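**Student:** Here are the chains, one letter per residue:
Number of protein chains: 2
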Amino acid sequence: VFGHSVVGDNLERIVRTLRAAARRADVVVVTGGLGPTPDDLTREAIAAFLGRPLRRDAELEQRVKAVFERLGRPMPAANLRQADLPKGATAIPPVGTAPGFYVHSDSALLVALPGVPWEMEAMLSGTVVPLLRGAAGAGAIVSREILVVGLGESATHEIISDLVERQGNPTLAYLAGGGRVRVRVTAKAVSADAARALVDPVVREVRARLGDAAVPGEGTLAQILGRLLVARGATVGVAESLTGGLIGAELSAEPGSSRFFSGSLVCYSTSAKSEVAGVDPGVLERAGAVSEQAARALAEGAAKAFGADVGLSATGVAGPGEHEGKPAGTIFAAATLDGRTVAQAIRGYGDRSNVRAMAVTTALDLGRRILDGR
Amino acid sequence: VFGHSVVGDNLERIVRTLRAAARRADVVVVTGGLGPTPDDLTREAIAAFLGRPLRRDAELEQRVKAVFERLGRPMPAANLRQADLPKGATAIPPVGTAPGFYVHSDSALLVALPGVPWEMEAMLSGTVVPLLRGAAGAGAIVSREILVVGLGESATHEIISDLVERQGNPTLAYLAGGGRVRVRVTAKAVSADAARALVDPVVREVRARLGDAAVPGEGTLAQILGRLLVARGATVGVAESLTGGLIGAELSAEPGSSRFFSGSLVCYSTSAKSEVAGVDPGVLERAGAVSEQAARALAEGAAKAFGADVGLSATGVAGPGEHEGKPAGTIFAAATLDGRTVAQAIRGYGDRSNVRAMAVTTALDLGRRILDGR
Numbered sequence: 119v120f121g122h123s124v125v126g127d128n129l130e131r132i133v134r135t136l137r138a139a140a141r142r143a144d145v146v147v148v149t150g151g152l153g154p155t156p157d158d159l160t161r162e163a164i165a166a167f168l169g170r171p172l173r174r175d176a177e178l179e180q181r182v183k184a185v186f187e188r189l190g191r192p193m194p195a196a197n198l199r200q201a202d203l204p205k206g207a208t209a210i211p212p213v214g215t216a217p218g219f220y221v222h223s224d225s226a227l228l229v230a231l232p233g234v235p236w237e238m239e240a241m242l243s244g245t246v247v248p249l250l251r252g253a254a255g256a257g258a259i260v261s262r263e264i265l266v267v268g269l270g271e272s273a274t275h276e277i278i279s280d281l282v283e284r285q286g287n288p289t290l291a292y293l294a295g296g297g298r299v300r301v302r303v304t305a306k307a308v309s310a311d312a313a314r315a316l317v318d319p320v321v322r323e324v325r326a327r328l329g330d331a332a333v334p335g336e337g338t339l340a341q342i343l344g345r346l347l348v349a350r351g352a353t354v355g356v357a358e359s360l361t362g363g364l365i366g367a368e369l370s371a372e373p374g375s376s377r378f379f380s381g382s383l384v385c386y387s388t389s390a391k392s393e394v395a396g397v398d399p400g401v402l403e404r405a406g407a408v409s410e411q412a413a414r415a416l417a418e419g420a421a422k423a424f425g426a427d428v429g430l431s432a433t434g435v436a437g438p439g440e441h442e443g444k445p446a447g448t449i450f451a452a453a454t455l456d457g458r459t460v461a462q463a464i465r466g467y468g469d470r471s472n473v474r475a476m477a478v479t480t481a482l483d484l485g486r487r488i489l490d491g492r
Numbered sequence: 119v120f121g122h123s124v125v126g127d128n129l130e131r132i133v134r135t136l137r138a139a140a141r142r143a144d145v146v147v148v149t150g151g152l153g154p155t156p157d158d159l160t161r162e163a164i165a166a167f168l169g170r171p172l173r174r175d176a177e178l179e180q181r182v183k184a185v186f187e188r189l190g191r192p193m194p195a196a197n198l199r200q201a202d203l204p205k206g207a208t209a210i211p212p213v214g215t216a217p218g219f220y221v222h223s224d225s226a227l228l229v230a231l232p233g234v235p236w237e238m239e240a241m242l243s244g245t246v247v248p249l250l251r252g253a254a255g256a257g258a259i260v261s262r263e264i265l266v267v268g269l270g271e272s273a274t275h276e277i278i279s280d281l282v283e284r285q286g287n288p289t290l291a292y293l294a295g296g297g298r299v300r301v302r303v304t305a306k307a308v309s310a311d312a313a314r315a316l317v318d319p320v321v322r323e324v325r326a327r328l329g330d331a332a333v334p335g336e337g338t339l340a341q342i343l344g345r346l347l348v349a350r351g352a353t354v355g356v357a358e359s360l361t362g363g364l365i366g367a368e369l370s371a372e373p374g375s376s377r378f379f380s381g382s383l384v385c386y387s388t389s390a391k392s393e394v395a396g397v398d399p400g401v402l403e404r405a406g407a408v409s410e411q412a413a414r415a416l417a418e419g420a421a422k423a424f425g426a427d428v429g430l431s432a433t434g435v436a437g438p439g440e441h442e443g444k445p446a447g448t449i450f451a452a453a454t455l456d457g458r459t460v461a462q463a464i465r466g467y468g469d470r471s472n473v474r475a476m477a478v479t480t481a482l483d484l485g486r487r488i489l490d491g492r
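Chains as they are written, first to last, in the working numbering: chain A, 119 to 492; chain B, 119 to 492.
Note that these hints are calculated values from the structure, not bench results.
Just so we're clear, the structure is a prediction, and the values are computed from it rather than from any experiment.
Possibly wrong hints are sitting among the right ones.
If the Cβ cut is set under 10 Å, some of the chain A residues that face chain B in the computed set are [as the list claims (entries may be wrong)]:
#, residue
1, V124
2, S243
3, S309
4, G362
5, A371
6, F379
7, A390
8, A395
9, D398
10, P399
11, G400
12, R404
13, G425
14, D427
Pulled a few chain A residues facing chain B out of the computed Cβ check, cut under 8 Å [claimed, not checked]:
#, residue
15, V221
16, H222
17, S387
18, R465
We put the beta carbon where it would ideally sit given N, CA and C, even for glycine.
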């Protein structure tokens, strides 16, 4: 991806953006603006850019009408605009209600996809990627990511800066946020196998240097933890405070998570920590709800409440204000398995949303570590 | 905002993007690329665009050094690059570790901000907005949003299409997703009061036409529900299944949510619904975990478990596969208050993430309605 532009619903500005994009790239992918309302201008803009008329496609017209028949609703006349295509364009059948299309200009291939994420994604993988593979001919790009927890972007860079600085093919890039850094290693070669042969030794070198901070496996932290749980037929229960449900939401983001995720006790109030998660009120009184002791008791209470093999927890101060005299960013997480409980304190930073994301990361990573026997 | 471009860490491409942006706009705001690593090229790119050298700023140098002294860590020499500014630029003091700056070219004002969201936001509101207000002189833009639940974007448009089509000042725009549509009404005028006088009658007209689907109040659904709860000194407890914790996460997203949010029982497994949320196992057996009866029992169980005034729940099938013979997108939500329980079934669509977001919307909206006495 060489460039990415966002432009408002204005015909002249969209045409100008298309012109600039077609000058610098061989393929221009446009998303959005294919709906039936008057601010949906992508069809008109691409036709104007090409200097060609719009024509109503008979087959698309039938498809648009069929969607409304299926819903048992009258079709507003404006919806027939969705069957219009610039002359010479090939339709991509609708996944929801909006069809996409692609068309060649003198200099570039233009692809128009709906803005609704899942409609765009289905057309991208079903039609656009094969089309691009065909157009690109031989050659492949392969990327692998290494997930880093417990080291910031600067600290990660200090350890592998020479690899980054001497980079050519493969290249290395950082993507950081929420207490995680992803190091992406990308190579181009004549084939996917050849690209992998360039990527793999660099991935091994980065993993060796980062040691314990590099999470083994690929995917998100929740996916990695989920695979470890499924592999040993184990389940996880959570008790969370400052994260408000985000640990549970992340563990259940992927289909099939019911194989390992039992549930989460979101104990936002202090009384819920004792009454719902069974934390000894004495612990809450002596050490406070934001304490290592509370985190340990929450993890143990979660495992017990759900009858789960692994218990995870996070408690802390999301901010911006302090709580119980503890500053924003204070985070305690814990994990328990087979009667052994481990805990970790970290100092989160950034805004409320980043502090909560860092707490999620710390709890999931502790779960991964305790299953790895660390 | 007239245009928005994303460009990789490549000096030549960044300079080309700056040139195009400065041609079409009076102010160009750049985010990211101000860190200490070699892929941070914004300083060099703006200097190259201006045809001016970079100079090390003595005061910034002291500030960068002070950050590391405070952390008690040695400063890598590369970090001093963060004190370099194009000749003629004015520094914006760092919020985290990266300073920002602004500088005038012949044709435009260029502003460079760090990419870390909260650092960017602090500089934007603290320095950039006042700077732009000063440059813009008289005149104001005012926007208001109307939150719509229970009607899709097309259905909303059918009701107010004539207002959208005759638009000039104010303009109307739709932002849709996760079962919510926001209708944004924006006017420009010589003063904020004059702009508000243009916006307000249109907002009233849109609300009148949309009736019950337009949520009274401003802000997110969680903020609106939170204000209703705080106003009557009430609290809310949640029991959620397919949403995995997202209802709790949304209710606790804003600071101060502990005034009204007690917690959430995320009962992902069927056994957790009875053992943790106290749903009668007979209900789960007869009607299933994905049923209106289960949703009602979950809401009531949540209110009881947390000792909360209001109980909310959502159960359903996030997909992509079916569950208990019910198709992906099946959603039941319920709300309970003072011994009265209401429930709603909706058919979610789109991918797993959108179905979950629609379930969150339905549950929060039911909570809002039951507090409104509906």
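**Student:** Take the hints in turn and mark each one as holding or not.
**Tutor:** Evaluated hints:
Because the closest C-beta pair between V124 (chain A) and chain B is about 4 Å apart, less than 10 Å, the hint holds. Checking S243 (chain A) against chain B by beta carbon gives a least distance of about 13 Å; that is not within 10 Å, so the hint is violated. For S309 (chain A), the interface hint is violated, since its Cβ never comes within 10 Å of a Cβ in chain B; the closest pair sits about 24 Å apart. With a least beta-carbon distance of about 3 Å to chain B, the hint placing G362 (chain A) at the interface is held under the 10 Å criterion.
Proximity of A371 (chain A) to chain B holds as hinted, the smallest CB-CB distance being about 7 Å (cut-off 10 Å). Satisfaction of the interface hint for F379 (chain A) is found here, the shortest Cβ-Cβ separation to chain B being roughly 5 Å, below the 10 Å cut-off. Restraint check, A390 (chain A) versus chain B: the minimum CB separation of about 4 Å is within 10 Å; hint holds. Annotation: A395 (chain A) was flagged as interfacial toward chain B, and the flag holds, the nearest CB pair being 9 Å apart, inside 10 Å.
Interface hint status for D398 (chain A): violated, as the beta-carbon distance to the closest one in chain B is roughly 18 Å, over 10 Å. Hint status for P399 (chain A) relative to chain B: violated, with the closest Cβ pair at about 15 Å, above 10 Å. Against a cut-off of 10 Å between C-beta atoms, the interface hint on G400 (chain A) is violated, since the closest Cβ of chain B lies about 20 Å away. For R404 (chain A), the suggested interface contact is broken, since its CB lies about 21 Å from the closest CB of chain B, more than 10 Å.
For G425 (chain A), the interface hint holds, since its Cβ comes within 10 Å of a Cβ in chain B; the closest pair sits about 7 Å apart. Taking 10 Å as the C-beta cut-off, the interface hint given for D427 (chain A) is violated, the closest approach to chain B being about 13 Å. At its closest, the beta carbon of V221 (chain A) sits 23 Å from a beta carbon of chain B; the interface hint therefore is violated under the 8 Å criterion. A least Cβ separation of about 24 Å between H222 (chain A) and chain B goes past the 8 Å threshold, and the interface hint is therefore violated.
Below 8 Å, beta-carbon pairs count as interface contacts, and S387 (chain A) has one with chain B at about 5 Å; its hint therefore holds. With 8 Å as the threshold, the beta carbon of R465 (chain A) stays out of range of chain B, its nearest partner Cβ sitting at about 11 Å, so the hint is violated.
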